[in-house]
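Please build the complete structure, drawing on both the sequences and the hints.
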Amino acid sequence: MTNRERTGIVQLDEMLRGGFLQRDAVMVAGTAGSGKTTLGLQYLVNGATKYGENGIYVTFEQLPDQLYRDALGFGWDLRALEEQDKMRVVCTSPDVFLASGRKGKNLLDPYIGEVQARRIVIDSMSHVAMYVDDKDLRKETYRLIMYLKTQGLSSLLLFEAPQLIGAVGPLTDAGTSFLVDSIILLKPVEIESSIRKVVGILKMRGSDHDKNLREYEITSDGIVVGSSLSGYEGIMSGSPRKLQTVEMAAERFSKSFTGKARKG
Amino acid sequence: MVEGELLLKRLLSSDAKAELLTLFRANPGLVDGIDGVARRIGRTRASVEPEVEDLKRLGILSKRQVGKIEVLFLDRQKDAEVQKAVERYLSKVGRSF
Chain D
1 MTNRERTGIV QLDEMLRGGF LQRDAVMVAG TAGSGKTTLG LQYLVNGATK
51 YGENGIYVTF EQLPDQLYRD ALGFGWDLRA LEEQDKMRVV CTSPDVFLAS
101 GRKGKNLLDP YIGEVQARRI VIDSMSHVAM YVDDKDLRKE TYRLIMYLKT
151 QGLSSLLLFE APQLIGAVGP LTDAGTSFLV DSIILLKPVE IESSIRKVVG
201 ILKMRGSDHD KNLREYEITS DGIVVGSSLS GYEGIMSGSP RKLQTVEMAA
251 ERFSKSFTGK ARKG
Chain W
1 MVEGELLLKR LLSSDAKAEL LTLFRANPGL VDGIDGVARR IGRTRASVEP
51 EVEDLKRLGI LSKRQVGKIE VLFLDRQKDA EVQKAVERYL SKVGRSF
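Taken in sequence, the protein lines are chains D and W. Residue numbers for the first sequence, in the working numbering: 1 to 264. Residue numbers for the second sequence, in the working numbering: 1 to 97.
Simulated from the structure, these hints should not be mistaken for laboratory data. Certain hints may be false.
Said to hold, decoys possible - Only part of the chain W face toward chain D is listed, based on derived beta-carbon distances under 10 Å:
1. L30
2. G33
3. Q83
What the hints assert, rightly or not - Pulled from the structure, derived: some chain W residues nowhere near chain D, Cβ distances all over 12 Å:
4. K17
5. R43
6. S47
7. E49
8. L58
9. R64
10. K68
11. D79
12. K92
As the list claims (entries may be wrong) - If you anchor each label on the Cβ, the simulated ranges turn out as follows:
13. K92(W) with M146(D): 47 to 57 Å
14. R43(W) with P162(D): 27 to 37 Å
15. P110(D) with S47(W): 24 to 34 Å
16. T150(D) with K68(W): 41 to 51 Å
17. K135(D) with L6(W): 46 to 56 Å
18. P110(D) with V93(W): 31 to 41 Å
19. Q84(D) with L12(W): 29 to 39 Å
20. G234(D) with A80(W): 54 to 64 Å
21. S47(W) with G234(D): 49 to 59 Å
The model shown is predicted, which means the values in this text are computed figures rather than measured ones. Ideal placement from N, C-alpha and C gives every residue a C-beta, glycine not left out.
This is how it looks when you write it as structure tokens:
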């Protein structure tokens, strides 16, 4: 059986038939507040504490001290993991990140060596995209993915999807979704006047995977994935409709003629 | 003047320097060009350049080349040494650090 990189989120690993394939580059696309950062941190913390796979978190906008604080809210002590050489949080600017590897050593080389990293999270590729022309984005993303694979790293590349609610538009502008091995979509949907969140696997190269959309919650322990969102259609549109059973349709039909509910 | 006193005076010689120290100590994984560092404390490159140079001379900040960009990062060992020297001085004059 192929070795898998477990996320440690039991139900998500079930959806992935055990986890991501090793060295895969995984795009995690989601809107603001969908839990991309939480998923990324959970993947690294579980990797370091449960599976002996150390990791690196690269952040462009959010400073590490804010990440440390937010992670502690889930019970994840990133500073302690750094002291134990199980993790590194690297904060830099996208232009530095892009300059890296053009000449001499890559920015990430020392950190990969220090913790013998197997996993990495880049938060986010949308920041990188702001520093690159559209025509170069695909090339630069390809260069990054190949560097990470060469270093033996499995990666989560976070992408900010612009739409909060509604139909899923193109995940990225420059076709980078073709370069990644897997795509995880985190999406808020409106159901009966409340905002709920669903996770789906849009693509997983070389592996079977769950085709259903499942509901998830961001709890005090991190992301918890629940059962599939059955009984609804049009979930990807952001405004799902309840599926009608034969009985429900008969009920409505009866009501429309008599104004009363059908007996028995 | 003793070493600790000199260091303390030098470290607190400007607001920008104090802000840089706070930034790097709170975020030891920060590795960025001078423009990025300046932006993260809401300042311009010109206003932090002399302070960065002084912190480099003290050894608290180190540099390395990434492509064409010189990146700055905290030298954790040197920073710990500087902190200890200041702490020794402060405890000598009767104040806790």
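* Asked: Can you name, in rising order, the numbers of the hints this structure does not satisfy?
  -> 3, 9, 10, 16
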